[in-house]
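Asker: Chains as they are written, first to last, in my numbering: chain S, 1 to 512; chain D, 1001 to 1297; chain F, 2001 to 2339; chain Y, 3001 to 3309.
Incorrect hints may have been included.
Simulated restraints, written as ranges between beta carbons of each label pair [said to hold, decoys possible]: (1) S:Asp406 to D:Val1101: 24 to 34 Å; (2) F:Glu2226 to Y:Ala3011: 27 to 37 Å; (3) D:Ala1112 to F:Lys2278: 54 to 64 Å; (4) D:Leu1020 to F:Leu2280: 36 to 46 Å; (5) S:Ala382 to D:Val1101: 47 to 57 Å; (6) F:Glu2024 to D:Val1101: 54 to 64 Å; (7) D:Ile1214 to S:Thr395: 40 to 50 Å.
Keep in mind that the hints were calculated from the coordinates and are not lab data. Glycine included, each C-beta is placed from N, C-alpha and C at the ideal position.
Okay, here's what each chain looks like letter by letter:
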Amino acid sequence: MYKWVRAMCVVLAFVLLVGTLSGCSQGTQGEPQGGEPPAPKDTLRVALTSEPPSLTTCDHDSLISVGLNLLTFNSLYKIDHASLLPVPDLAYEYSVENDTEWTFKLKEGVKFHNGDLFTAHDVVATIEYAKTVPGSTLYTGSIKSVEAIDDYTVKITTHKPYAGLLYDLGYHYNFILPKSLIEKGHDFNMEPIGTGPYKLVSWDYGNSLKYEAFEDYFDADHKAKIKNLEFVIIPEGASRAIALEAGEVDFVWEVSGADVARLNANPNVNVLEVDTVDNVTLFMNNDVKPFDDPNVRRAINYAINRQDIIDGALNGYGRVNYSVISQGFWGSTNKNAPEYNLDKAREYLNAWGGDPSTINLPILCSNETRVAIATIIQSNLAQLGIKVEVVPMDTATYFAKWTAGDYVGVIASWSPSNSLTYVQRFHSNRRNAYPGSLNSPEIDALVLQAEGTIDNDARLALIEEIVSEVNLLSPQISLYQSVWLRAHHKDLAGIVCSATGYTAYNDFYWKK
Amino acid sequence: MMKHLFRRRAEPEEGSMSLLQESWMRLLSNKGAVAGMVFLTILVLTAICADLIYDYETEVIMQDIPSRLQPPSLKGHLLGTDEYGRDLLARLVHGSRMSLVVSFSSVVLALAVGGTLGAMAGYFGGVIDNIIMRLTDVLLAIPMTLFAIVIVAALGANTTNLTLALGASSIPIFARVVRASVLTVRQAEYVEAARSIGAKHGTVILRHILPNCIGPIIVQFTLRIAQAIYNTAALSFLGMGVQPPAPEWGGLLASGRTYIRDYSYLSIIPGLAIMSTILALNLLGDGLRDALDPRLK
Amino acid sequence: MVIGSQSNNTLEIRDLVVEYRTRERVVHAVNSLSLTVGRGQTLGLVGETGAGKTTTGLAVMGLIPKPAGVVLGGAILLNGEDVLHKSDREMKQIRGKTVSMIFQDPMSSLNPVMSIERQISEAIRAHDRSLTRSQVLQKAHEMLEMVGIPRDRGSEYPHQFSGGMKQRVVIAMALSCKPDLIIADEPTTALDVTIQAQVLGLMKDLKDQYRTSMVMITHDLGIVAETCDSVSVMYAGSIVEHGTLHDVFDDPLHPYTKGLFGSLPRLDDRRAKLQPIKGLMPDPSNLPTGCTFWPRCDHAKDVCRVEKPNPTYFGGEHFVNCHLFNEEISGARTVNMGD
Amino acid sequence: MIRYMIKRLLAMIPVLIGITFLVFMIMQLAPGDPARLILGENASPEEVKELREQMGLEDPVLVQYFRYMVNLCKGDMGKSYITNRLVASEVAARFPYTLKLALVSAAVSILIAIPLGIIAAVKQNTIFDNTCMVLSLVGISMPAFWMALMLVLVFSLRLGWLPVQGANMGWRSYVLPSIAIGFMNMAAIARTTRSSMLETIRQDYVRTAKSKGISNASAILGHAFPNALIPTVTVVGVQLGGLIGGAVLTETVFAWPGLGRLIVQSVNARDVPMILGCMVVMSVSFSVINLVVDLLYGLLDPRVKSMYA
């Protein structure tokens, strides 16, 4: 009898629980909670998706870390957020002699956070230090030597004529550190001391980072306008949106597509859609049959419906791209890019001559969005009779397999700052890092030529040529360019978000 | 004390019933355990017949973007659809198979390895016992979930590794249980007798000792399955277990979590499934313990 | 100390009825039981396990386990006051102070995680709040020494004592507030024979010293013979025979009493066969009608199955509840009991 | 007692060596090259090889393990592959968060569960008892991470009372995570307290206590409860140990900056030194909890205490 009562109670508790919860789920979804008073006007709070792996300049390739590096450091030339062109930063002009010797004139009176005065010696020390850091070749490899002509003149010699130098100097590896601290073996990860508009105040691991405006910042136009800058780490998309609505943060660095509608409905919040150069691409292993045949790759390229992917897997937030390079760079072109066309696809398949049903394309995916993309590709290619296998895996395995060349197809993305860096990746010498990528002597020659062309227009023409040639070869298939979503409190102004993913927090200010 | 006296007298003197039958009757008289058993039977049947109910490729895996995120309704999808337009019920049903297979096989694995180790330790004693027990000391000093996570971290996240990891982390518990039971029956007369007529060690363990430790093992087995279901879901929730798009309850919860604000059914329903299964196993486990070991009652 | 006219008796129980009610059944533990214990007297309450002796003792203490146990009727007079109608608060005052109980198993009746001096102090402090902590401790030590335990062992825990020593502690605890009545529930059953004698001797001495009345619950007739002034024989919840020690031992009347003596080995005639009482105690949830003993009685008559017997007195206290004596008092002694 | 403590502490050493060895060896199975992981996709094979030598990865595994242990004794757990930060300082920064949360939830769950268990036992089979027991059965069956999500759903998303995640809102940040972690413990502790109380309130010594004339309440609290505490402490210990493992999930749900989330991040990034560091700290705390529980037995139960001597 008692046991029965107890069993009934269990059932009842269940029903109640389910009832309550589902009741809650259908409950009021009305006004978002805006109870928090607006943030004090001298503080800007930003929600980040994850903790920066590092605050140093030389040991990471993380978008978040570079974004924070930009707060504390400057470079000789920086990549302008709007134009994506190199513009003067710590240097104010440069000149090139016999195509390999670059002389930079440096700004005077620039101070580091620790009070040191910035001079040419800091530049020499920084670049020489960066060259010793493993993994820096991509950014410092072209530089043969650096010397200080005088305190405010520095000469950089490249191994051979190299057009990408200004861009390279704009990468985080070449952000300027004070010589005195480099020599002391200072841990820039704990104390990132540079010349930047903000100083790091504290870092609560896994939780938050606090910055403070650097009063002696040299660039009066870009001096930080908000005194305190605080980053809070909020991994979950919905949580970031809620934090913004509740006034716990003022700026969300990455909004999840699922939250846009709700945030748009909130009068206190603006959502920004930032078109980026982040190119999400299906890489095929060009060493594996039949993907060594450009006809097969082109056929597949023609058969993939990008709009399906953007609608189905991305909540509509993406831009169709057919070219191997991201659109938006100087030198980007769509020439020869295979747009969605099933007839063309069949044509190329016939040119290949094999039986499509023998083609099997396993695609490695590191997250569920990519699984969704691969699934759409699967149904696209089914129309050609090509079989696609969706292979989900954890990031670490995915990464290990990809860099070891142990793959046939893989979805990945890349967002360099300029078209030259982008096309350099089509050179076969990058195959040691990316096994199975393009291997074409003609393209290699063109890339080398472009690297050595200092003249801007001539180089951009060369880049266009490379892109259109590579488009014909179709070594990889661009799927879409990401649209990154940012959101901020409506009183926040001066917001600049670059297509490369960065944000100039020092230009933000509070209205009123 | 009085109560105890009366109970003893009231119990019918039916020596004819075998111990197992008696336990079974006791189990049946426990309503909670019966409820648990009924639930689990239905669940297991569902898992077995999952393919008959929903086709894996077309209904569980295949995305149907136009019908994404439809809330539960009696007309369309009973439990709604997920962010890729897949029927949640279909994924739950197939997810039950995944959860049950992973947890069951991991516990069987743990029982096989842990049981053997425990039996050896208990039966042979001495150095072997010492080595095995120190080993379990080490394993027990690592929180179980963490140990499973480390194994998955090393081997990579997929279903097989998850099973291995969960199995490995339960080994010490079975080793302990079996060893303790073996120790209590090792000295029993029938074991001595079997040994004295020259039966092999293996035979003695398998034929004489293990059947007599079966009670605690069954109880522990049930409770471990509950734990394994939990851990399967937990690791998949962390992205370290079954990888999407394969359905697993914890994985469903993880992907539903993104939509918890507007489509909370995606996170409520899989959680309820996990909870009721564990609840059923706990009820059954408690019932079994009471039934198999009346002294604890 | 003496209140009212009828309180020559420390304890007087009248028609006590106690039941245990569980979901499945009702157990009739004590049925219409009456007994009296005179001042300074010791009454032996004798019977088999399950006869309701302990329940009777607990009823006096007001410690019948609730909610299963229910006192349905009767009266329990302690020094003339009916304890059945006392409030919890009043009962608290009575327990330990007026009546205390020594339980069967010293192993389990001491709290294993509390030092013995604290357990004794607790009893003292419960009835005298005016004492300081050290006075209480002092008293507890005195009690310990009185039962033969050195005071410096007071800070030890029960598991550090042997069974006999533990029972001494229990006795010290029971006597610590000098109660008028002690109910000793098989105080020596759990002890070795040699220790038994010591403990019994101690109890007897202390009882005399304090002029305490006592109910000695036991199934051991030897103990009764050694310690008691009068004896009540209990069967299935009621008294079947009562008398002074001599009455009952020299002249047992009830077939059950005789049976009890018959199941003892006799030293004077070692060849005499033991004559155990046949059968078992009846299920107390399903007692036989009429005389509860008839299913086991060799002399059962038709009337025994139907009617409850009334007491038949044989001068003084001695009475018996049996149909064999109800009608033919004179012939009773000549009844051939089957020898 | 102190000798016993020292003995127990010394006995932890081989167990810790075993744990580190086991975890170290398991992590050797991890595919992928740490050097490649550190350098990223842009490094050349020569650079990778150079770094491998620099890191001593070319040495035999046992040598690597020995070196790790020597460093560990010096308090050096190495550097993270991903962040290049010292593992020791990172772990030291994260551990207090885990510890604080564990302590708060343990304290709350114990303070609630034990009285509930006692009352349920005293009022056995009443509505109160049945409700408690049903709730606790549900409690021990409810996955903590799901519970966490449901709490967030109700109290943060629907009602907006408490923060969704993080540790930045003072005490309000602690409420939901500690409930999520503590509920299961509370259920388990209440169940054990109840069942051991049911046993002890029927013990003879409780009756003895009452026969001395002390009140029912003090008999239960003064006699039954201290004895019932012994099995309860065992369960509390097991549950506290579970807090450490369970932290992984709850901290992930609440983005709590503790060790649990750190280990999940490190696993996802295959950051071996960080995983090892977290495992060492968590296993040590796990062992310390077990030790404390064992010592508590000694305090609660004189029988155990005399066994130490």
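Asker: Now tell me if each hint is right for this structure.
Answerer: How the hints compare with the structure:
no.: 1; hint: S:Asp406 to D:Val1101: 24 to 34 Å; verdict: holds (28 Å)
no.: 2; hint: F:Glu2226 to Y:Ala3011: 27 to 37 Å; verdict: violated (55 Å)
no.: 3; hint: D:Ala1112 to F:Lys2278: 54 to 64 Å; verdict: holds (57 Å)
no.: 4; hint: D:Leu1020 to F:Leu2280: 36 to 46 Å; verdict: violated (30 Å)
no.: 5; hint: S:Ala382 to D:Val1101: 47 to 57 Å; verdict: violated (29 Å)
no.: 6; hint: F:Glu2024 to D:Val1101: 54 to 64 Å; verdict: violated (44 Å)
no.: 7; hint: D:Ile1214 to S:Thr395: 40 to 50 Å; verdict: holds (44 Å)
When the structure is compared with the earlier hints, violations turn up for hints 2, 4, 5, 6 and for no others.
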